[in-house]
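> Protein chains in written order, with the working numbering: chain A, 1 to 246; chain B, 1 to 317.
Calculated directly from the structure, the hints in this document are not laboratory data. Careful: at least some of the hints might be erroneous.
[Said to hold, decoys possible] Straight-line alpha carbon distances no greater than 30 Å define the calculated DSS-like cross-link-like pairs of lysine-lysine that follow:
| id | chain 1 | residue 1 | chain 2 | residue 2 |
| --- | --- | --- | --- | --- |
| 1 | B | K306 | B | K264 |
| 2 | B | K221 | A | K140 |
| 3 | B | K221 | A | K228 |
| 4 | B | K153 | A | K211 |
| 5 | A | K163 | A | K76 |
| 6 | B | K153 | A | K89 |
| 7 | A | K211 | B | K221 |
| 8 | A | K167 | B | K221 |
| 9 | B | K221 | A | K226 |
| 10 | B | K148 | A | K167 |
| 11 | A | K167 | B | K153 |
| 12 | B | K221 | A | K93 |
| 13 | B | K54 | A | K211 |
| 14 | B | K54 | A | K140 |
| 15 | A | K89 | B | K148 |
| 16 | B | K153 | A | K97 |
| 17 | B | K221 | A | K136 |
| 18 | B | K264 | A | K93 |
| 19 | B | K153 | A | K76 |
| 20 | A | K136 | A | K226 |
| 21 | B | K54 | A | K174 |
| 22 | A | K136 | B | K54 |
| 23 | B | K306 | A | K93 |
| 24 | B | K221 | A | K76 |
| 25 | B | K264 | A | K174 |
| 26 | A | K97 | B | K221 |
[As the list claims (entries may be wrong)] Rough simulated footprint, nothing fancy, chain B against chain A, three-plus residues with beta-carbon under 8 Å:
| id | segment |
| --- | --- |
| 27 | 83–89 |
| 28 | 124–138 |
| 29 | 215–224 |
[Stated by the list, open to error] So, partial list: chain B residues that the calculated Cβ filter (under 10 Å) puts toward chain A:
| id | residue |
| --- | --- |
| 30 | H42 |
| 31 | T43 |
| 32 | A44 |
| 33 | Y46 |
| 34 | S49 |
| 35 | D122 |
| 36 | Q126 |
| 37 | I234 |
| 38 | G235 |
| 39 | L253 |
| 40 | Y255 |
Every residue gets a Cβ at the ideal spot worked out from N, C-alpha and C, and that includes glycine.
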Amino acid sequence: MATEDKTPLREAAPSAPGRTSKTPDRSKVARNRIIAGVVIAVVVIVAIFLLTRGNGHIPFVDNAEPPVGNVNFHLKGTEFVATQPQGDKQAQKDTAKATADEVKKQLDTLFETAYVDPGSWGDPGEIGDLFTDGAKGQLKDDIATITLGDNAGDTYASVDPGKSSAKVRTLTDKSGNALRAAADVSFTGLAKHQDGTYTEITVTGTFFFVKDGDTWRIEGYSLDRKEKPAKAPVPKGSSSPSAVAS
Amino acid sequence: MSRRFVAVVLVLAAWLAGTVAGSLGSSPAAASSPGIAIGKAHTAEYTPSLTGSKPVVILAVGSGARPGEDPLHSLSDSIHLIFLNPDQHAGTIVGIPRDSWVDIPGHGSNKINSALAAGGPDLMVQTIEARFGVHIDYWAITTFWGFKAMLDKIGGLTVNVPFRMYDPSYSGADLQAGVQRLDGAQALAMARDRHSLLAGDFGRQENGGRLILAALTQFQKEFNGDAGSLFDWIGAGMTQINTSLTVDDVMLLAYTATAQPVGKLQNIVLPGSSQTIGGLSAVALNTAAVSQIFNDVTPDGIMSKKNVPPSPTANQP
Chain A
1 MATEDKTPLR EAAPSAPGRT SKTPDRSKVA RNRIIAGVVI AVVVIVAIFL LTRGNGHIPF
61 VDNAEPPVGN VNFHLKGTEF VATQPQGDKQ AQKDTAKATA DEVKKQLDTL FETAYVDPGS
121 WGDPGEIGDL FTDGAKGQLK DDIATITLGD NAGDTYASVD PGKSSAKVRT LTDKSGNALR
181 AAADVSFTGL AKHQDGTYTE ITVTGTFFFV KDGDTWRIEG YSLDRKEKPA KAPVPKGSSS
241 PSAVAS
Chain B
1 MSRRFVAVVL VLAAWLAGTV AGSLGSSPAA ASSPGIAIGK AHTAEYTPSL TGSKPVVILA
61 VGSGARPGED PLHSLSDSIH LIFLNPDQHA GTIVGIPRDS WVDIPGHGSN KINSALAAGG
121 PDLMVQTIEA RFGVHIDYWA ITTFWGFKAM LDKIGGLTVN VPFRMYDPSY SGADLQAGVQ
181 RLDGAQALAM ARDRHSLLAG DFGRQENGGR LILAALTQFQ KEFNGDAGSL FDWIGAGMTQ
241 INTSLTVDDV MLLAYTATAQ PVGKLQNIVL PGSSQTIGGL SAVALNTAAV SQIFNDVTPD
301 GIMSKKNVPP SPTANQP
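Given the sequences, and given the hints that come with them, work out the whole structure.
Here's what the structure looks like:
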């Protein structure tokens, strides 16, 4: 009803000539204002993105960031350590290589779960299966090193994995069976904090693995975690190289 | 509708403008100042460990076998019992003079070092258990060349040589007193030398204990610098030692050793005197003192200070 009332009034009613002549102009002005508003909004959004390099606290800008990557440890060395004086060297070498590949997968999973995936970081329960029962019992005490930390979500918004490497040594018997493995690791990740700042997280040290059925579990570790200020990364598509650390 | 839309756009623009103003402080330069402490660091260490108040006892023997001889059936040159109390992280290294006159089950009385030649590690264990009333959990036997190779493989051993040692004719020892890095041959000479020691074989057994403690010290230092070096030590040891220990046992012992304070290990030698027994130059152990030592150390692996015998090299110039 309201619409029916208004439409005739607009089309036929004006009594003053001036007003009659202005009707089409007002419509144009309104359209121009809408266009201008949209343009302003778009300009403002682009400005925000450029000024903050995508790091502002604007929800839809944040959501537009690329998803975090996967942890991928680079094997920079594999070797076997013989426990018996004579043995099949080639078999032991092959075993060391195969063991390193399996250990690498465990390391990828561990750091992906403990440091990168916001759904599981800081939760020792999520990584428990990667550890022996003995080591599992210690996880809670070492949560701030083995994982991003307790209540990590209060501090961190995301962690983007950087270059990570591992050197894996395998204890072998003379037949080439793997008895234990030790992985000297270096994990790096660029952490974005809830306040918009960045830090580079580095975890270095050694994991000791023992074979348990078909899988390798961590039975010991000696780790050091450090964190230092870092620059914000350059958005993807930029010609500048991605910044990692200051 | 149009006005509403314009209003919405303007409100949105105003909100965005406010956000821009707010986010100006979060420019890349500002973002490089994190809200957390700089240099924040955490460490985490865990290794499995032996547990229990009952001591673990390991018989460590240096076989006197020459190349071509069976190291497990030769006269032993050095004999040590290593007691470790896991719960108290303490223990005792007991050196047994190789010429100690004892009963060897099934073989009459003889020097204790002949037990290995007569019946291998099992008889050696049996002889010591019977004489001293101690239960031995594991044995480990190395050779002269194995000992040398083992130490060379780990890059030598830093040892505080307690006094000048010079024995060119037998062991080849030619060492000045003081802290120094010994290669495998030098460490072996230190372990074997008895001719330049006033206390002879008693002093030699004590030096064997000193080398074990030096090895533990160095092992811990290297482990703390590079935990993965543990494998190098295990590899060096396992390839040069015959032992009843499995790799799992060795791993557990090695992990335990990483946290074993060296200062809580007492190095002693069973007291006695050199005598001629049965026409042979042998050691008559001080029965009373030896009984007191084993009564003290056997239950928990720890030696009471009051029962620690005098160092046989205390008077060595």
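> For each hint, tell me whether it holds in the structure or not.
Verification of the supplied hints:
Taken as a hint, the K306 (chain B) and K264 (chain B) pair is honoured in the structure, with Cα atoms around 15 Å apart against an allowance of 30 Å. For the hint pairing K221 (chain B) with K140 (chain A), the CA-to-CA distance comes to about 27 Å; that is within 30 Å, so the pair holds. Taking the CA atoms of K221 (chain B) and K228 (chain A), the gap is near 28 Å; set against the 30 Å cutoff, the hint holds. Using a Cα cut-off of 30 Å, the hinted pair K153 (chain B) and K211 (chain A) holds, with the two alpha carbons roughly 27 Å apart.
For the hint linking K163 (chain A) to K76 (chain A), the alpha-carbon distance of about 12 Å falls within 30 Å, and the restraint holds. A threshold of 30 Å between alpha carbons decides the hint, and for K153 (chain B) with K89 (chain A) the separation of about 18 Å falls inside it, so the pair holds. For a cut-off of 30 Å, the pair hint linking K211 (chain A) to K221 (chain B) stands: about 27 Å separates their Cα positions. A C-alpha spacing of about 21 Å is found between K167 (chain A) and K221 (chain B), which places the hinted pair at or below 30 Å, so the restraint holds.
Between K221 (chain B) and K226 (chain A) the CA atoms are separated by roughly 22 Å; this keeps the pair inside 30 Å, and the hint holds. A distance of roughly 28 Å separates the Cα atoms of K148 (chain B) and K167 (chain A); the hinted pair therefore holds under the 30 Å criterion. Simply put, K167 (chain A) and K153 (chain B) have alpha-carbon atoms about 20 Å apart, close enough for the 30 Å limit, and the pair holds. The hinted pair formed by K221 (chain B) and K93 (chain A) meets the criterion: a straight-line CA distance of about 29 Å does not exceed 30 Å.
Between the alpha carbons of K54 (chain B) and K211 (chain A) the distance comes to roughly 29 Å, so the proposed pair stays at or under 30 Å and holds. Of the supplied pair hints, the one linking K54 (chain B) and K140 (chain A) holds, its CA atoms being roughly 29 Å apart against a limit of 30 Å. At most 30 Å may separate the alpha-carbon atoms for a hinted pair to count; K89 (chain A) and K148 (chain B) meet this at roughly 23 Å. Between K153 (chain B) and K97 (chain A) the CA atoms are separated by roughly 23 Å; this keeps the pair inside 30 Å, and the hint holds.
Annotation: proposed proximity of K221 (chain B) to K136 (chain A) holds, straight-line Cα distance about 26 Å (limit 30 Å). For the hint linking K264 (chain B) to K93 (chain A), the alpha-carbon distance of about 40 Å lies beyond 30 Å, and the restraint is violated. The hinted pair formed by K153 (chain B) and K76 (chain A) meets the criterion: a straight-line CA distance of about 23 Å does not exceed 30 Å. Proximity of K136 (chain A) to K226 (chain A) is assessed by CA-CA distance (about 23 Å); at most 30 Å being required, the pair is judged to hold.
Of the supplied pair hints, the one linking K54 (chain B) and K174 (chain A) is violated, its CA atoms being roughly 34 Å apart against a limit of 30 Å. Of the pairs offered as hints, the one joining K136 (chain A) and K54 (chain B) holds, with about 25 Å between alpha carbons and a cut-off of 30 Å not exceeded. Annotation: proposed proximity of K306 (chain B) to K93 (chain A) is violated, straight-line Cα distance about 53 Å (limit 30 Å). Restraint check for K221 (chain B) and K76 (chain A): satisfied, since their Cα atoms lie roughly 25 Å apart, inside the 30 Å limit.
Proposed proximity of K264 (chain B) and K174 (chain A) is contradicted: the alpha carbons are some 36 Å apart, above 30 Å. For the suggested pair K97 (chain A) and K221 (chain B), the alpha carbons sit about 29 Å apart, so the restraint of at most 30 Å is met. Coverage of the segment 83–89 of chain A by chain B holds [criterion: at least 3 residues with CB-CB distance below 8 Å; count 3]. Coverage of the segment 124–138 of chain A by chain B holds. Counting CB-CB distances below 8 Å, 4 residues qualify, and the rule asks for three or more.
Check result for the segment 215–224 of chain A against chain B: holds, 6 residues qualifying (beta carbon to beta carbon below 8 Å, three or more required). For H42 (chain B), the suggested interface contact is upheld, since its CB lies about 4 Å from the closest CB of chain A, less than 10 Å. Using the Cβ-Cβ criterion of 10 Å, the hint placing T43 (chain B) at the interface with chain A is satisfied: the shortest such distance is roughly 5 Å. Hint status for A44 (chain B): holds, given a least beta-carbon distance of 4 Å to chain A, under 10 Å.
The beta carbon of Y46 (chain B) comes within 4 Å of a beta carbon in chain A, closer than 10 Å, and the hint placing it at the interface holds. The restraint placing S49 (chain B) at the interface with chain A holds, with a minimum CB-CB distance near 9 Å, inside the 10 Å limit. Because the beta carbon of D122 (chain B) sits about 21 Å from the nearest beta carbon in chain A, more than 10 Å, this interface hint is broken. Restraint check, Q126 (chain B) versus chain A: the minimum CB separation of about 27 Å is more than 10 Å; hint violated.
At its closest, the beta carbon of I234 (chain B) sits 7 Å from a beta carbon of chain A; the interface hint therefore holds under the 10 Å criterion. The beta carbon of G235 (chain B) comes within 4 Å of a beta carbon in chain A, closer than 10 Å, and the hint placing it at the interface holds. Given hint, L253 (chain B) at the interface with chain A, is violated; its Cβ is 13 Å from that chain's nearest Cβ, farther than 10 Å. The beta carbon of Y255 (chain B) comes within 6 Å of a beta carbon in chain A, closer than 10 Å, and the hint placing it at the interface holds.
When held up to the earlier numbered hints, the structure conflicts with 18, 21, 23, 25, 35, 36 and 39 and fits the remainder.
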